[in-house]
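J.: This is what each chain is made of:
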Amino acid sequence: MSDSKATKEKEISRRKFLVGAGAAIAGVALAGGIHNFLRGTNASPAAAGNVEAAKWPVEYKKLDPDVAAERAYLGYKEAG
Amino acid sequence: MGYLAEEVGYPFNQLPLEAFTSFQAGIEGWGSICGALIAPIQLIGMIAEGEEKSAMVNELIAFYTQHPFPEYQTGEFDLPRVAVGSTLCHVSVTRWMNETGMGPRSRPERKERCAGLTADVCKFTAQMLNKYLEGTFKPGEYTAPAVAGECLVCHGEMEPFAHGKENCLDCHEDHR
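Read top to bottom, the protein sequences are chains Z and U.
Convert by adding 1 to the 1-based position in the first sequence; the result is the number in the numbering used here.
Convert by adding 178 to the 1-based position in the second sequence; the result is the number in the numbering used here.
One should not assume that every hint holds.
What the hints assert, rightly or not - Residues from chain U shown here face chain Z by an in silico Cβ test under 10 Å; the list is partial:
{"#": "1", "residue": "L182"}
{"#": "2", "residue": "E227"}
{"#": "3", "residue": "E249"}
{"#": "4", "residue": "A293"}
{"#": "5", "residue": "F315"}
{"#": "6", "residue": "P317"}
{"#": "7", "residue": "T321"}
{"#": "8", "residue": "V331"}
{"#": "9", "residue": "C332"}
What the hints assert, rightly or not - Using 27 Å as the maximum straight-line C-alpha spacing, the simulated DSS-like pairs for lysine-lysine come out as follows:
{"#": "10", "chain 1": "U", "residue 1": "K231", "chain 2": "U", "residue 2": "K289"}
{"#": "11", "chain 1": "U", "residue 1": "K289", "chain 2": "Z", "residue 2": "K78"}
{"#": "12", "chain 1": "Z", "residue 1": "K63", "chain 2": "U", "residue 2": "K231"}
Claimed, not checked - Just the calculated beta-carbon pair ranges, DEER-fashion:
{"#": "13", "chain 1": "Z", "residue 1": "A80", "chain 2": "U", "residue 2": "G209", "range": "13 to 21 Å"}
{"#": "14", "chain 1": "U", "residue 1": "N191", "chain 2": "Z", "residue 2": "D67", "range": "15 to 23 Å"}
{"#": "15", "chain 1": "Z", "residue 1": "K56", "chain 2": "U", "residue 2": "E312", "range": "20 to 28 Å"}
{"#": "16", "chain 1": "Z", "residue 1": "W57", "chain 2": "U", "residue 2": "A197", "range": "32 to 40 Å"}
{"#": "17", "chain 1": "U", "residue 1": "G253", "chain 2": "Z", "residue 2": "K63", "range": "21 to 29 Å"}
{"#": "18", "chain 1": "U", "residue 1": "H333", "chain 2": "Z", "residue 2": "D67", "range": "38 to 46 Å"}
{"#": "19", "chain 1": "U", "residue 1": "A324", "chain 2": "Z", "residue 2": "D67", "range": "29 to 37 Å"}
The hints are simulated quantities; they were obtained by calculation from the structure and are not laboratory data.
All C-beta atoms, glycine included, are put in the ideal place defined by N, C-alpha and C.
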């Protein structure tokens, strides 16, 4: 695979995710209104010129809760 | 989020962590919802669906209001633990400071408390999501206070109107 093709596919992958992530965040923020604002009431990703939306729900793997706690603690301290 | 990106990869590794920094201090200092809850709620919404998704979010928020924070402590401080009764940063931080005497907000103990609280919330979320993945998640360990439902029996339909699941009596007089 050429570098340019790999870069392009990486960009497409990122765009695919952003479509899905936007929907997920909107669903959390306000059940209806913002969701429709971000995605458009009837708009499909293809209609907007984007690629297909990311699959939902997203895959999850078990995390070590203690590691999650430590990482969160350190993240807070670094950010704040 | 960074840990999840490392363990799972896509799509979590596409989320810029910088996008979450505005949630600090109840969203840029407004004292609104505690920023420690935002990313976990988003994660639950990305991973789970249906009634279990709602149940986990409810469980997380009820946990937040009832758990005496901070459980996670490094030993640098010996911080008192306080259950704050609200998801609002304004209430959470001020109640902890007033009950412990560890104010003002600029005090290092306060920052350490919020860092520990963030760790506790993320640990609880990971435990719940692990159970969800195993198919063993059962809601009900933490639930909304009954008083909210009692108040809304009337005030859901009559003035003064209200809605919510937190403890109404934190801010409003009990006239039952």
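J.: Does each hint fit the structure? Answer for all of them.
T.: Outcome of the hint check:
1. Among the interface hints, the one on U/L182 holds; its C-beta lies about 7 Å from the nearest C-beta in chain Z, closer than the 10 Å criterion.
2. At its closest, the beta carbon of U/E227 sits 5 Å from a beta carbon of chain Z; the interface hint therefore holds under the 10 Å criterion.
3. With 10 Å as the threshold, the beta carbon of U/E249 comes within range of chain Z, its nearest partner Cβ sitting at about 9 Å, so the hint holds.
4. Taken as an interface hint, U/A293 checks out: its beta carbon lies about 4 Å from the nearest beta carbon of chain Z, inside 10 Å.
5. At a threshold of 10 Å, the smallest CB-CB gap from U/F315 to chain Z is about 12 Å, leaving the interface hint violated.
6. At a threshold of 10 Å, the smallest CB-CB gap from U/P317 to chain Z is about 18 Å, leaving the interface hint violated.
7. A hinted interface residue such as U/T321 counts as satisfied when its beta carbon comes closer than 10 Å to some beta carbon of chain Z; here the least separation is about 21 Å, so the hint is violated.
8. Hint status for U/V331 relative to chain Z: violated, with the closest Cβ pair at about 23 Å, above 10 Å.
9. At its closest, the beta carbon of U/C332 sits 25 Å from a beta carbon of chain Z; the interface hint therefore is violated under the 10 Å criterion.
10. For the given pair, U/K231 sits about 31 Å from U/K289 by alpha-carbon distance, which is inconsistent with the 27 Å threshold.
11. Under the criterion of a C-alpha separation no larger than 27 Å, the hint pairing U/K289 with Z/K78 is consistent with the structure, at around 8 Å.
12. A distance of roughly 17 Å separates the Cα atoms of Z/K63 and U/K231; the hinted pair therefore holds under the 27 Å criterion.
13. At about 18 Å, the CB distance of Z/A80 to U/G209 agrees with the hint of 13 to 21 Å.
14. Separated by about 22 Å at the C-beta atoms, U/N191 and Z/D67 satisfy the suggested range of 15 to 23 Å.
15. Between Z/K56 and U/E312, the C-beta spacing of about 21 Å keeps the proposed range 20 to 28 Å intact.
16. Roughly 19 Å separates the CB atoms of Z/W57 and U/A197, a value that falls outside the hinted 32 to 40 Å.
17. At roughly 28 Å, the beta-carbon separation of U/G253 and Z/K63 lies within the given 21 to 29 Å, and the hint holds.
18. Checked against the hint of 38 to 46 Å, the C-beta distance between U/H333 and Z/D67 comes to roughly 42 Å, which is consistent with it.
19. In this structure the hint that U/A324 and Z/D67 lie 29 to 37 Å apart at CB holds, the actual value being about 33 Å.
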